[in-house]
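Residues per chain, in single letters:
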Amino acid sequence: MSDTVRPETEDALAAFVAEADSKALPLDIRGGGTKRALGRPTQTGATIDLSGLTGITLYEPSELVIAARAGTPVADVEAALAENGQHLAFEPMDYRHLYGMNGGSSTIGAVAACNISGPRRIMTGAARDSLIGVRLVNGKGEAVKSGGRVMKNVTGYDLVKLMAGAHGTLGILTEVTFKVLPKPEAALTLVYAGLADEKAREAMSEALGSPFEITGAAHLPGDPARTLLRIEGFPQSLDYRAGELTRDLKRFGTPERLETEASETEWQAIRDVVPLAAPTERAVWRISTAPTRGPAVAAAISNRIDAAYYFDWGGGLIWLACAAEGDAGAAIIREALGGKGHATLVRAPDDIRAAVDVFEPQPDALMALTKGVKTTFDPGGILNPGRMYAGV
Amino acid sequence: MTLIAMPEADPTVLARRADIVKELKRFLPETSIIVSEDERRAYDTDALTAYRQLPMVVVLPETTEQVSEILGFCNAEGIKVVARGAGTSLAGGALPAEDAIVIGVSKMNQVLDVDFDNRTARVQAGITNIGISNAVAHAGFFYAPDPSSQLACTIAGNVAMNSGGAHCLKYGVTTNNVLGVKAVLIDGTVVEVGGDWLDAAGYDWLGLLIGSEGQLAIVTEVTVRLLRTAEGARPILLGFDRVETAGACVSDIIASGIIPVAIEYMDKPAIKVCESFAHAGYPLDVEALLIVEVEGSDDEIEFYLDKITAIAEKHAPQSLKVSQSEAESAAIWKGRKAAFGAIGRVSDYMCMDGTIPTGQLPHVLKRISEICESYDLGVANIFHAGDGNLHPLVLYNMNDPAEMVKVEECGAEILKLCVEVGGCLTGEHGVGIEKRELMTHQFDQVDLDQQMALKGVFDPQWLLNPAKVFPLANRPKPAQTGQRVAA
Ligand SMILES: Cc1cc2nc3c(=O)[nH]c(=O)nc-3n(C[C@H](O)[C@H](O)[C@H](O)COP(=O)(O)OP(=O)(O)OC[C@H]3O[C@@H](n4cnc5c(N)ncnc54)[C@H](O)[C@@H]3O)c2cc1C
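Protein chains in written order, with the numbering used here: chain Z, 1 to 392; chain A, 1 to 487.
Simulated from the structure, these hints should not be mistaken for laboratory data.
Be careful, since some hints might not be right.
Straight line, CA to CA, 27 angstroms or less: simulated DSSO-like cross-link-like pairs of lysine-lysine [unchecked claim]:
hint, chain 1, residue 1, chain 2, residue 2
1, Z, K145, A, K314
2, A, K307, A, K268
3, A, K314, A, K406
4, A, K477, Z, K140
5, Z, K140, Z, K371
6, A, K334, Z, K183
7, A, K416, Z, K145
8, Z, K183, A, K307
9, Z, K23, Z, K140
10, Z, K145, Z, K371
11, A, K268, A, K334
12, Z, K183, A, K170
13, A, K107, A, K170
14, A, K321, A, K307
15, Z, K199, Z, K250
16, Z, K371, A, K477
17, A, K406, A, K334
Full structure from sequences and hints, please.
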């Protein structure tokens, strides 16, 4: 067991990191701890617990902006937004189902650091697209800021984006600022039954290429297979759009309609990978590719290993579960992708995640840049060392 | 006389000019190398025309391989490089240096691949912004970010500046609409980042490259997201007798849960000039005009316009007019998109680009007119109100050296004001040379050091567009900025 420190200010955190850097003490950075199993297992000397850095620091509903200290539970941020009829449009996934956790809460800092998005990503962008400002402490113990609280900002390099998805390997986020959107008043989901994967992909491509603003497009193979298309907005506009879509997609059948609440339950499950959460001992992959390649990639994998899977993002995001044995299917999955996309092993026992490339291996030139960039932020290599790539 | 200094040219490079041109002929056909002073003249400035500098030589490569060879050569020889798209930067981003080779990407202007099923297009970097939308319009698609300069500016320049446009309120800016790039590093290595899928692997290289102002790599191909055109769109014109009221109306619209596709603002001086140019039917007797555009089916448009009208009426607008036809809508947008050009025909101007929290609009607009008055300079305001991205055009006479100094001081004061109220120096035009020395007002040295260290990783010798973005003082010595990237 390593020591845990729980700083309550950015200054205290910076001072501690500077000291850790001077002692070459590797640090495990922890928000709510719900995503500890995401990434490669790390060997660290101390844990930084960010639960002391909490609180919403700015919220201007009429300017569509919210800022919070990194340790603030996502639930708190969402509750504050909901009071004003707003939300985080990118619909961050909750990993607790996948990791079989009942308690705990994800933090807003981790949502930014891991660039956690959900089904609505196809319409409103990922977490990184809504993230407009960060404060962070780098591996030298320096407090750095980038971006700000305004919607458009190209002043200097966009370190905000670089932080999103760096999984805490470049800096410890202390405060994050997000652009928010009005929460749609109503939602409606059309459910088509019995489509084979490729047929479903066609239906989703057609819907996504329509002017009717699809905010969710998922396909769950099974008996019967279900293909879901979500539209959101003012109730007055939903009927019209659903009607047009139903007509345009007539050749795919007659859809069942799920109204707001039923629709929400359905998309929450898709977002949180509930369909693949059990059996809990299986490995789970998150595979990203172009929608038109999705069905073929899934088929190429499931022809060779026993896999259960479903599609989000119109077919471009494949969630896939397979046996947590050997390399948990890594070689076969990456061969099926053929470099046109990437695969992340989001659930597997520690020993497998230590042995397998959890994140897609990068070409040499990008790996060299990865190491170079890491060195500028964290020359001592003390922040979540090895979490994304060995030696980074 | 101008205020912004350029670093001194390297005499040893200048002395080798003839040899350098000869070397370039190894990788490029003669037609791609521009040597004569007359022809180089066409590249001596961008849309920040107060600054001019002839480059040493201009090359117009046709392939990624040629770009790679040129960069490999420049890196080995320690020669500076300034990438160039169409030269419409308003920040001096494409301003050459005397000892630099300008690499123009204008010959690489093809659409390589359009994929409607996946809603992506892969294009060469020198294609114009409108060229992408034109190539996919027949199928009802478009590329969303629409800078007013879209007829001329290239996707390369858009990527370098992370450009925005009038319709970014709903659709986001360049960084939200690009899925992949092919780029050449200074040592000639070609890298591909992302592709035709939604989230690229690893660190967010796209996020870092987009907006890096040609300082990290030269982009040769871009994969963009295509969007389906809405069924219909219609603007409404709202005129107010007070600037403050227009600002309050913007806040109320956004707070109501409607996100229009665009909310554009013009003040009286701008309205006058644009109306006489475009005959769009702008009201001439108001102090502030909002162009609010909504999209959807006819019914949806009605519904949104009713809501917006109800909100606007609470602010007692002096005029309220919904566009009645496509021709009228086109004229309304023509006036807005031609605004800078129309004003340019009346006076020289310096275009500011700060962003502020929208709640600060009334206060900041008032302060801007006070600041300009104190310098005895005129100002016209035309900007993206929905996201608080201001474009005060400060009017002056470029041929009067004293006014040149005055306008830069005045502009600096306006931008500092934007930062003071919680905003930033530049919302979409970039830092370039124009805002370079103001960076210390927004960032501490630690913040700047972190950014400059990244430049050092990509470009250890600081050869790519080095005179831009970072204040000249307190720069690291190139050798100390980072580790050389292994080839
Ligand atoms: C009338 C007018 C209206 C405008 N309206 C808008 C607007 O609404 N929104 C907006 O955002 N901007 C606007 N601009 C600014 C300008 O058009 C944008 O910054 C545009 O993106 C520049 O594109 P360009 O092709 O002209 O690039 P250039 O001006 O040639 O270059 C811009 C920058 O890009 C770099 N660069 C060029 N090519 C490459 C490459 N291949 N690889 C790497 N770096 C490269 C250059 O070094 C330079 O730093 C406007 C400008 C004018 C003159």
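Hints, verified against the model:
1. Our distance criterion of 27 angstroms between C-alpha atoms is broken by K145(Z) and K314(A), whose separation comes to about 40 angstroms.
2. Straight-line distance between C-alpha atoms of K307(A) and K268(A) comes to about 26 angstroms, which keeps the hinted pair within the 27 angstroms bound.
3. With a C-alpha separation of about 41 angstroms, the suggested pairing of K314(A) with K406(A) is violated against the 27 angstroms cut-off.
4. Only pairs whose Cα atoms come within 27 angstroms are accepted, and K477(A) paired with K140(Z) is accepted, the gap being roughly 20 angstroms.
5. Between K140(Z) and K371(Z) the CA atoms are separated by roughly 16 angstroms; this keeps the pair inside 27 angstroms, and the hint holds.
6. Proposed proximity of K334(A) and K183(Z) is contradicted: the alpha carbons are some 33 angstroms apart, above 27 angstroms.
7. Restraint check: the Cα-Cα separation between K416(A) and K145(Z) comes to about 18 angstroms, which is no more than 27 angstroms; the hinted pair holds.
8. Simply put, K183(Z) and K307(A) have alpha-carbon atoms about 17 angstroms apart, close enough for the 27 angstroms limit, and the pair holds.
9. A threshold of 27 angstroms between alpha carbons decides the hint, and for K23(Z) with K140(Z) the separation of about 11 angstroms falls inside it, so the pair holds.
10. For the proposed pair K145(Z) and K371(Z), the alpha carbon gap of about 21 angstroms is at most 27 angstroms, so the pair holds.
11. Taking the CA atoms of K268(A) and K334(A), the gap is about 17 angstroms. The hint holds against a cut of 27 angstroms.
12. A threshold of 27 angstroms between alpha carbons decides the hint, and for K183(Z) with K170(A) the separation of about 14 angstroms falls inside it, so the pair holds.
13. Of the pairs offered as hints, the one joining K107(A) and K170(A) is violated, with about 32 angstroms between alpha carbons and a cut-off of 27 angstroms exceeded.
14. For a cut-off of 27 angstroms, the pair hint linking K321(A) to K307(A) stands: about 14 angstroms separates their Cα positions.
15. For the proposed pair K199(Z) and K250(Z), the alpha carbon gap of about 13 angstroms is at most 27 angstroms, so the pair holds.
16. Straight-line distance between C-alpha atoms of K371(Z) and K477(A) comes to about 21 angstroms, which keeps the hinted pair within the 27 angstroms bound.
17. Between the alpha carbons of K406(A) and K334(A) the distance comes to roughly 32 angstroms, so the proposed pair goes past 27 angstroms and is violated.
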